[in-house]
Amino acid sequence: MSAISSPEAVAPRRRRRWGRALLPVYSWLVIAYLVFPIVIMMIYAFNKTIGSMQLVSFSWNGFTDQWFKHWSDIPGLTQSFWLSIRLGITSTLISTVLGTMLAMALVRYRPPRFRGKAAFEQIIFLNIAAPEIVLGASLLGMFVSLNIGRGFLTLVLSHVMFSIAYVTVTVRARLAGFDRSLEEAAYDLGANPWTTFTRVTLPLIMPGVLAGALMAFALSIDDFVTSNFLSGASAPFPVWVYGVTRVGIPPQVFVFGTAIFAVGIGLALTSVVLARKKV
Amino acid sequence: MVPLAFMLSLSLKTCDPATGACVMKWHWGEFPSEISLYHQEFITSLYFAAASTIVDLIVSFPIAYWIAFYGGRRKNFFLLMLLVPFFVSFVIRTIVWEFVLANNGVVLGTLKHLHLLPSGFHVLGTGYAVMAGLAYNYLPFTALPLYVALERIDRRVLEAAYDLYATRRAGFLRVILPLTVPGIFAAFLLTFIPMFGDYVNQEILGGTSNTMIGTVIQNQFLVNFDFAGGASLSAILLVIALVGIYLYARLLGSRTIEQYL
Numbered sequence: 005m006s007a008i009s010s011p012e013a014v015a016p017r018r019r020r021r022w023g024r025a026l027l028p029v030y031s032w033l034v035i036a037y038l039v040f041p042i043v044i045m046m047i048y049a050f051n052k053t054i055g056s057m058q059l060v061s062f063s064w065n066g067f068t069d070q071w072f073k074h075w076s077d078i079p080g081l082t083q084s085f086w087l088s089i090r091l092g093i094t095s096t097l098i099s100t101v102l103g104t105m106l107a108m109a110l111v112r113y114r115p116p117r118f119r120g121k122a123a124f125e126q127i128i129f130l131n132i133a134a135p136e137i138v139l140g141a142s143l144l145g146m147f148v149s150l151n152i153g154r155g156f157l158t159l160v161l162s163h164v165m166f167s168i169a170y171v172t173v174t175v176r177a178r179l180a181g182f183d184r185s186l187e188e189a190a191y192d193l194g195a196n197p198w199t200t201f202t203r204v205t206l207p208l209i210m211p212g213v214l215a216g217a218l219m220a221f222a223l224s225i226d227d228f229v230t231s232n233f234l235s236g237a238s239a240p241f242p243v244w245v246y247g248v249t250r251v252g253i254p255p256q257v258f259v260f261g262t263a264i265f266a267v268g269i270g271l272a273l274t275s276v277v278l279a280r281k282k283v
Numbered sequence: 220m221v222p223l224a225f226m227l228s229l230s231l232k233t234c235d236p237a238t239g240a241c242v243m244k245w246h247w248g249e250f251p252s253e254i255s256l257y258h259q260e261f262i263t264s265l266y267f268a269a270a271s272t273i274v275d276l277i278v279s280f281p282i283a284y285w286i287a288f289y290g291g292r293r294k295n296f297f298l299l300m301l302l303v304p305f306f307v308s309f310v311i312r313t314i315v316w317e318f319v320l321a322n323n324g325v326v327l328g329t330l331k332h333l334h335l336l337p338s339g340f341h342v343l344g345t346g347y348a349v350m351a352g353l354a355y356n357y358l359p360f361t362a363l364p365l366y367v368a369l370e371r372i373d374r375r376v377l378e379a380a381y382d383l384y385a386t387r388r389a390g391f392l393r394v395i396l397p398l399t400v401p402g403i404f405a406a407f408l409l410t411f412i413p414m415f416g417d418y419v420n421q422e423i424l425g426g427t428s429n430t431m432i433g434t435v436i437q438n439q440f441l442v443n444f445d446f447a448g449g450a451s452l453s454a455i456l457l458v459i460a461l462v463g464i465y466l467y468a469r470l471l472g473s474r475t476i477e478q479y480l
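Residue numbers (this note's numbering), protein chains in the order written: chain A, 5 to 283; chain B, 220 to 480.
Bear in mind the hints are in silico, worked out from the structure with no lab data behind them. Values in this document were obtained by computation on a predicted structure and should not be read as measured data. For each residue, glycine too, the CB sits at the ideal point set by N, CA and C. One or more of the hints may lead you astray.
Stated by the list, open to error - Some, not all, of what chain B presents toward chain A, calculated at C-beta under 10 Å:
hint, residue
1, Leu301
2, Ile314
3, Val325
This is chain A alone, in the form it adopts within the complex (with noise of 0.2 Å):
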């Protein structure tokens, strides 16, 4: 059966030999160019630099491996990296609890009892399609309008905003092959509400929400456009990225680039792996 349902066995030979050899070179091409710039910026992570200035410039000037000995030499950069951090793993935290139970309110509840559940999905939807500059500025506008300086809080309230939407997207696809028979044999069993969530359906639904809290934390750490709206006067690390780009980029921007991308993708590796183990 599986030798059938398998698309190489089906299709003509033809077909075989250009799906075993252009397909995958063409791929490895298009992999090897998601991953060039990358490995552009790890290079020039480690590249002298010439004058007094201590920024990185276009020509390689030998290699040093001093940026990653005084990658806390920028007090402004090393600042505007704790700022992210703390910034990332607050909204995370905050989006996470919301959008988990939104998820389960747009599951469990149907119109009767909730209202507006087809506006709702338009919203989230809305929420990820829309340009982010379109977010940043209407957020701006309302901050403005209400008087609220710009600082943490608005950071931190305009980060769990775009970040909801993402959770509780990936909560529901979990949610969506959930078991509620498992609940009413807790229920059968004297359980009460809380009981029953703490101990039943959260373990289930864990792997949809550690998702979805990675993935605001992602989101939260790379933010730029709506960061650039709501910062004011401390800017997290995309921000203060940006503003010296005219000025000319210290070489400890692409250390922490390479350290943020190498803590990534070493955790998303172990996922990988850990999932292949299971199945």
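Based on the hints, put chain B in the right spot on chain A.
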């Protein structure tokens, strides 16, 4: 559920300020005047975003097809490779493209050294640099919906086509392609709409010419403090996004688009 009411207000706040609040406060005359002032930037954005989206669709379709049909057990690994750019901050990615495309940088410098290009040749500061940056930064947004669409195709339908003596080409054109149309449309929306409002690529790679509408909106808000003008421009942007989503919902059903997120 109490949190639900809270959520409702929070989620509604996301879109209202641009359309609701701002439009009510300021008169409608802002729209025609802003459009007449900045129609050139809208056209530039439309051109750059459309061209880069089409490039992305053409580039990512074969790889999405390959992963979906021939990925086998390494599917997850290949999907991760597609997502690799996302592990580097968006701003840094764009800056690195500046290095890649710089006059004496990695690519052009080498080609010039080999005398394959005239020494006066440059890419940075032109529309092509902006499009290259856009196409690179948003490629995963195109590839993933395409992959989801191709992955969903029931292989038995394809088998049936071959059993009925369909050629390889007919199987592709009349079975696979029609079944991926919703995915192609979703990929188009998820790539085109963010590109349309993007200004980071233009600011870093495009130099002073070829201003896109995102740059204008940003300047209105953060440089000129013309909130009314900026808000009406972003409202127009939002309407363009809504029209795209509405068309999708009308043509292909509203529920299907969420599958591709």
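Hints versus structure:
no. : hint   : in the structure
1   : Leu301 : holds (7 Å)
2   : Ile314 : holds (6 Å)
3   : Val325 : holds (6 Å)
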